[in-house]
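2 protein chains.
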Amino acid sequence: MGSDARFKKKTIDIDVGFDAVVVSPQVVRRLGVSPGSRIGVGCHGSLHGAIVVVSRLVGDDVVGLSTGLAEKLSSCDSVELYPFELPPSFAQLRKRIRGEPMEEVEYKKLIGDIVSGFYEESQIAAFLVSQLYKELSMDELSYLIRAMVESGVVVKFSETVYDVHSIGGVPGNSKVALLVVPIVAASGLLIPKTSSRAITSPAGTADTMEVLARVTFSPEEVHDIALKARGVIVWGGALGMAPADDIFVRVERKLDIDPRTQMVASILAKKLAMSVSRLVIDIPFGRGAKVESEDEAVGLSSLFLAQAKRLGLVMRIALTYGGEPIGYSIGPALEAREALEVHIKHEGAPSYVEKACSLAGIIFEMSGAVARGKGYQYACEILKSGKAYAKFREIIEVQEGDPDIKPEDIKLAPHRLTLEAPRDGIVSSIDNRGISLAARAAGAPDDKGAGILLHTKTGHRVRKGQPLLTIYASTESRLRDAVRILEETSAIVVEGVVVKVLP
Amino acid sequence: MGSDARFKKKTIDIDVGFDAVVVSPQVVRRLGVSPGSRIGVGCHGSLHGAIVVVSRLVGDDVVGLSTGLAEKLSSCDSVELYPFELPPSFAQLRKRIRGEPMEEVEYKKLIGDIVSGFYEESQIAAFLVSQLYKELSMDELSYLIRAMVESGVVVKFSETVYDVHSIGGVPGNSKVALLVVPIVAASGLLIPKTSSRAITSPAGTADTMEVLARVTFSPEEVHDIALKARGVIVWGGALGMAPADDIFVRVERKLDIDPRTQMVASILAKKLAMSVSRLVIDIPFGRGAKVESEDEAVGLSSLFLAQAKRLGLVMRIALTYGGEPIGYSIGPALEAREALEVHIKHEGAPSYVEKACSLAGIIFEMSGAVARGKGYQYACEILKSGKAYAKFREIIEVQEGDPDIKPEDIKLAPHRLTLEAPRDGIVSSIDNRGISLAARAAGAPDDKGAGILLHTKTGHRVRKGQPLLTIYASTESRLRDAVRILEETSAIVVEGVVVKVLP
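Going line by line, the protein sequences match chains R and E.
The numbering of the first sequence is this note's numbering, which starts it at 1 and goes up by one.
The numbering of the second sequence is this note's numbering, which starts it at 1 and goes up by one.
Rather than coming from a laboratory, the hints here were simulated on the basis of the structure.
Where a beta carbon is used, it is the ideal one built from N, C-alpha and C, also for glycine.
Watch out, some of these pointers could steer you wrong.
[Stated by the list, open to error] Among the chain E residues that face chain R by a calculated CB cut under 8 Å, a handful are:
#1 Ser34
#2 Ile51
#3 Ser130
[Claimed, not checked] Think about it this way: if two alpha-carbon atoms lie no more than 20 Å apart in a straight line, the pair counts; the simulated DMTMM-like pairs of lysine to aspartate or glutamate are:
#4 E:Lys10 to R:Asp13
#5 E:Lys134 to E:Asp258
#6 E:Lys95 to R:Asp256
#7 R:Lys109 to E:Asp258
#8 R:Lys345 to R:Asp402
Here chain R stands alone, though its shape is the one from the complex (with noise of 0.2 Å):
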């Protein structure tokens, strides 16, 4: 790229999701440019992608900096714009989007581009696409994870790190962690777990997490609270760790697709940049949750078992249920009192504390605590023993929480209406996706008080009237639509115990 101009700057205030660069119109035509197109913008070589935005907001001496690019170019006197018409990579790519593998040396050029701001969402949305049809080859995908960590930062511990991970999609699910970092946590092994924040569901464990402590903080403090509280429950996205991932998941959501690849390379790249080298990967598997099939589950295993082996990641997989919600809540506030119940009653739903008791053990299997078939046992016991409950507070403390917090200190949205059983029978299922979208639809998970209830599980038997479940919203209007979706979606079904009588 060569420069056509140097321009005075000054800060805007103007947000439109991308780092913004405001040019006057006639700037815009000396350049060639289009509104809405990216440029190079910076000084002394070192460049910024931004979105170019056009307005007599600015002279045509001076360019408008939106907030966060400002700050990246705070040590610039003046800026140059630098043009052009396809990133520098893009021959790379081109080749990818049409289903050719790309190089080692390509997939480093791609990503540190991706990371510079220089790709649109559509080419973005190209390379996301064209792995649903020609996926990533095994190279690709180590490449991929390798480019992804090394163009963010590096969190580094001189001792072995642990760390369990779910490929989630089921809704609960975002409590599980609070229970098996800190029974890790506290048989002294070191486990920093990162999280993010929901993405399609109704809480991500950084969001759930958040209603106890602050999730936010920067690499270094992470680092040295890990340290302190031998585990942590912390937002990777604040991080800097593998940051092209942000930007594949925000146009995932755009296009509500999770190629297997990318997913894979997504976990990875966030695992492998916080020094994790002992991973338990969590798949669910049933109706409605992201893998549907034992099958699929299975060949998503062996997927990930190769990527590991490649990049020297020992990894065990657990194949969970994941047919209906894990526990009895969905939703940041609710899971987060649900975590905290179990904590200090030492018991809870089964398909909460026995899961969560599992995948402990497998890590205390994988560290040779215990031989193996004995670590789901000495994990029930940390727990018991409120070991667990104690690390818990423990971490809330160095995560700047209240650690004397009270399930029932935890504040709950106001508008609230329980469902209830309109016969006598048996719960023949709870619908995963009805159940998430009715959750989200209440509020959750920006609105961390909403969300859903469950009174009962499947194959429990009901009597008419009795509470089914309990939606916890923000407004009457929330309720209302999370009410309506649960009825379309027919979310929690009551079947008679006689389901068919045959001639």
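Assemble the complex: chain R is given as a structure, and chain E must be docked to it using the hints.
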């Protein structure tokens, strides 16, 4: 979509490449939308999609509208905002992104939403990339074309409408219509040609015609001047015909892809919107052209012919030689000049004149004016008789240009450089792609006077020092860029007469 609020409006001088609505940080939080995403804006149920821009330039009870959007909403006293997570028809597009076919009614919804601005470019990109892997079926292609036509303006005529259209991809081709249209119109047939501006080439027919006359008219104006002169050459982009196409083309440029089903849809939708019922499609093929092999050209022909039949369009295809530039000129002014010279002298480069007479001849044969096999001769006679030039002057006049303009009146770019033959020999190749890139680097098509003038063609014998081509550029640096590209791409090669001596 349900509205979440009503606002006062004001116009804000901002162009982000798409209609935009500027809202305050407080409002964006309340609506739960992200900056950069799309939102519905309107009143009384009439909605337009716009990009969300966040700024304190507006208060909490006001929204700012970009100029174009303000015009669309001029009848609204106040406006409402309608947030949505995904566009209303996204469930349909979701299938297509995964390669499943869409139904007729689904294409209508999709195209309607695209035209309304509810789709982001990333989502359009996914639609286009899916076609690279899973081509539209013949049914889908017809649905898409019809939906594109119905979503915009249709210009109706009460007589048979003829047209000729090249799929493009060969430099120098934009001037062909400047012969064909006058020849056909001189015979009395109606040929209201709409054409595009350059997408990736150094000149579109609209760019070249614009050197001689106005090309931007309203649909009513095009209708009237076409009936007056029997032929016009105007820009299709300003007519509001098949408006989704402009959106597709914009994204195709960013992805550097041109899926053939989308190309067929694009061409046929624009023609149907002009009520064309007899159409000649020119498919140039050869090295460096859009279509490289004859097989590929034949395959594309079948696709065009099958769709034409379904859409009730009488069509003939011309497979033409596209292995080097057409005629001697590349770039709007240079090509307009060559066209004018041929009109005045009644002769010129065979690759140009013979092509134009052939295409016009096919139209004459389709019309029944002459017997099959006699069209070419008939067209040549119209050109040689001066009737075509008289008609061209008439067309220039109804399009508000100067009919008396002479070739030498046309202004060319001031910075010039002539490449000379490095040795005695034969011109063994002139590369389409190298010539195109160099002409664009020189400034074409935005700088109309820029481009390349060939002094020789493939197969011609040249002496050392004899001029091969002249570059016209607007600045010295653009001239240097063009020379560099010509050298890097070996755009013109002179070889000794004896190419190889075998032992």
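Status of each hint after checking the structure:
no., hint, verdict
1, Ser34, "holds, 6 Å"
2, Ile51, "holds, 7 Å"
3, Ser130, "holds, 6 Å"
4, E:Lys10 to R:Asp13, "holds, 17 Å"
5, E:Lys134 to E:Asp258, "holds, 14 Å"
6, E:Lys95 to R:Asp256, "holds, 11 Å"
7, R:Lys109 to E:Asp258, "violated, 25 Å"
8, R:Lys345 to R:Asp402, "holds, 19 Å"
When the structure is compared with the earlier hints, a violation turns up for hint 7 alone.
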